[in-house]
Structures are given as structure tokens and as C-alpha cells.
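Please model the entire structure based on the sequences and the hints provided.
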Amino acid sequence: MIRKTVPNVAEALSGVKDGMTFMLGGFGLCGIPENAIAELVKLNVTDVTCISNNAGVDDFGLGLLLQKKQIKKMISSYVGENDEFERQMLSGELDVELIPQGTLAERCRAAQGGFPAFYTPAGYGTEVAEGKETREFNGKMYVLEHAFQADFAFVKAWKGDEAGNLIFKGTARNFNPCMCGAAKITVAEVEELVPAGTLDPNQIHIPGIFVQRIFQGEKYEKRIEQRTVRQKA
Amino acid sequence: MLDKNGIARRIAKELQDGYFVNLGIGIPTLVANYIPQGIEVEFQSENGVLGMGPFPFEGEEDADIINAGKQTITTMPGASFFDSAMSFGMIRGQHVDLTILGAMEVSESGDIANWKIPGRMVKGMGGAMDLVASAENIIVAMMHTNKAGKSKLLKACSLPLTGVNCVKKIVTNLALLEVVDGGFRLLERAPGVSIEDIRKATEGNLIVEGEIPEMILD
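First to last, the protein sequences are chains A and B.
For the first sequence, the working numbering begins at 1 and goes up steadily by one.
For the second sequence, the working numbering begins at 1 and goes up steadily by one.
By construction, these hints were calculated from the structure, which means they are not laboratory data.
Wrong hints could be hidden among the right ones.
[What the hints assert, rightly or not] Listed next, the in silico DSS-like pairs over lysine-lysine satisfying Cα-Cα at most 27 Å (straight line):
1. B:169 <-> A:69
2. A:72 <-> B:123
3. A:140 <-> B:116
4. B:168 <-> B:116
5. A:73 <-> A:42
6. B:169 <-> A:140
7. A:72 <-> B:116
8. A:69 <-> B:123
9. B:123 <-> A:73
10. B:116 <-> A:132
11. B:116 <-> A:232
12. A:140 <-> B:168
13. B:4 <-> B:116
This is the structure in C-alpha cells:
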């Protein structure tokens, strides 16, 4: 067994530098790597490019890095819940590349799986396709999109083992599996880190080969963005 | 005239047994409340769940189980979770039968704009561009006119596009329309709404052929 465990978040993020490109899993605040984000704030790395579906909210998630102006560029699909983000974007302080959500996921998966580029119908005929190669297949038009290149991927899973094998829970899975192995170094944080041999190999969502470092997060706030309930009849 | 729930009720009549359906944020979400009796449909949410159920009871919310609007939800028997790449594989691969989404503008050739107002509002397209580029059956749920009273059914969209030649049907507070060669074909009038009312509120070419029935909502 090849061990991937590191003792804490500080070691997990060793080698992180100014100007790097990071991938961060999560949809809204669901399944975000809370501990890695807190450490990035503490390390105060700047001029970073973040590939993440959303940009957090003003006081949580990637919003924490935005507040400290650590982010130079965001590559996202939806950024609606963050006033500071909108302010920095409209003032030109922050470079923003908005791309279709499926394209974002597939550009991660392409990097993970060794494809330099792929064709997708998403965005054809819109400003997203401007300057990009387009091509017809079977009478339909497609846009050429490229695999991401990133220095670190920060992902969050529910359970993981010493070998870096990961299991996700619910919709906290989202972009996390697609980002594993899609950057030079993948750092996985988990709610529960268990000895190798504990998890059933049949139930593994991401094999440890895609993960270079794994640690158990100290705490998880798991903030809910839109608490919606129904009344008992 | 229909309110938002009325629009959702009319769209729900387009659901067919065995459909997998993706619901956008806003009016489309309400469609889930009006599934016709005797049919089975499953709702897909692009953040990675198929078989979405109603909101949880108070105290039973799970931060790890949300929909694409980031609302806490539950799952139905037979539900499944998956990652974002697989989710959009379902969408691009046309395994999802029907997409219902909102719009700021629709053109008479079926173009849709719903993600950006230059200089004012830039929230992003989320999954909308993937959905409209791939879905075979797209229904738009929206008000016929905007808050300034201007038509949202146009000859050509003025806002940045989300997709081209993709919208099939539109249900508004005034009418059910189909996008055909040459314009918006009027299929049904909302209760109490005249053809003239609809004509006045439609900037794009409105095609009216034969008797136009009033909607029946049951």
C-alpha cells in the first residue's frame, strides 16, 4: 500500500505559492474543501487563479480569499451569491472567465483522463465560443474546449483511507471527483480518515492513484446557503 | 392571465410518463408541485442528483443534499447521486427528456438569453448553456413582458445569448406558444386573455391559425 496521508493541513498545502492555479471542488458551499481554503487564507498566497464552479459567499468559502484580494482570476460558471465578487469584477480588479458548467466539469475530467481538448455543443453561437475553433459533426455545431492545467486540486470527500481512496456523500460529490488527478498535486481532505482495508473496494468513488495527499479536516461547518423546509402535515 | 403557479400548472401538463426532467430555478421549480396523476417522472438536478424529492421537514435538512438552487432537498426511492461530469453527460448525451427553464428573452427563431445583462448583472450561465445546446425538448417558463412592460418574445434577442435555435415551446402568463419557421405560433390563450392582448405583448412575429382555444388547467 502506498501511503498518502499527511498529518495536517499545513503539510498538505506545502509547495503552494503565489501565482499558482488551483482547482477547488464544491457546488455553492456544498462539498467545498473548507480546511484547505482556511489554510490558503492563512498562508496569504496571492495572484492565484481559482477554478471553481462558484465563488463562495461573502464570508465563507472562496469569498474569504476574495475579501483578502488573494485571487487574480476566477474561472467559474455561476457567481451570483457574492457581492464582493461582483464589486471586484465590475471594477476590473478581478479577472473572471465564465464558462458553461458542463464544460467546466469536462475540462477537469479531460485533464484527469489525458485528453488535451474535446468538442462540446455548449456555448455554440454565444460569446463563450468567440475565438474558439468550431466544427460540425453529424449536422450539429460544436466548440473546441481545452483541458485545464492546474498546480493543485483541493477536494473534499466524506471518507477516505490511508491509500487516498475516496468516498463522497450526497450532492457534496459534485466537481470533487472530476478534479482528482486533474492538477499536478491533488490534496484531499476528508471528514473521516480510516486505515487502509477498512473501506470496501467496491464502494470507492475515486481510487487513491488520483490523490497525492490526504488528511482529516479539523472541523466542518457545512454551512447551508438556502435552508428550505416543508411543514409536517 | 396566469400567475407563476398557473404557468407551472400549464407546463406540468406537458410532462409524460417516464420522462426525466431538468427544472431550472424560479417558475420551473414550481412545476414539481403539479405532476399529473397517474404518471411517473424523475427530476434531475445538474449538481448531481436524479430522483429529487420535496424539501425536507424542519430539522431534517442535510447540508450535503441540495439542488442546483442550493436549496436543501430530499431524495425519492430509486434516486442516485453522481459527479458533475456524469451529470452533464446525462444532459449532453440527451438522456434527459425535457428541460424547463426561465428566460429574459426568446427570439422567434428559438434563441434564448438568460445569463447576462452587460454592465448590470453578470451571474453566469451555470448549466444553462449545456442544457439548451443539447436538450431535444426545451420549454421556457416566463412572463410575456418584462418589468418595464417590454415584450420578451422578440424578433432577435438583444442580450447575450445562452443558446441558438433551441427553444421549442414557451408558456407565459398570457399564452402557450410554439417556435416554428417564421415565428411564434399561438397554441393556447391563458384564461381571460384575447388574441389581441397577446399580439400587443409580442414583438416577434405571432402566427395565429384557426381557432385558438383557451387553456384548460386541471
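Against the structure, the hints come out as follows:
| no. | hint | result |
| --- | --- | --- |
| 1 | B:169 <-> A:69 | violated (44 Å) |
| 2 | A:72 <-> B:123 | holds (18 Å) |
| 3 | A:140 <-> B:116 | holds (25 Å) |
| 4 | B:168 <-> B:116 | holds (22 Å) |
| 5 | A:73 <-> A:42 | holds (19 Å) |
| 6 | B:169 <-> A:140 | holds (21 Å) |
| 7 | A:72 <-> B:116 | holds (22 Å) |
| 8 | A:69 <-> B:123 | holds (20 Å) |
| 9 | B:123 <-> A:73 | holds (16 Å) |
| 10 | B:116 <-> A:132 | holds (20 Å) |
| 11 | B:116 <-> A:232 | violated (39 Å) |
| 12 | A:140 <-> B:168 | holds (17 Å) |
| 13 | B:4 <-> B:116 | holds (22 Å) |
The structure fails hints 1, 11 (numbered hints given earlier, in ascending order).
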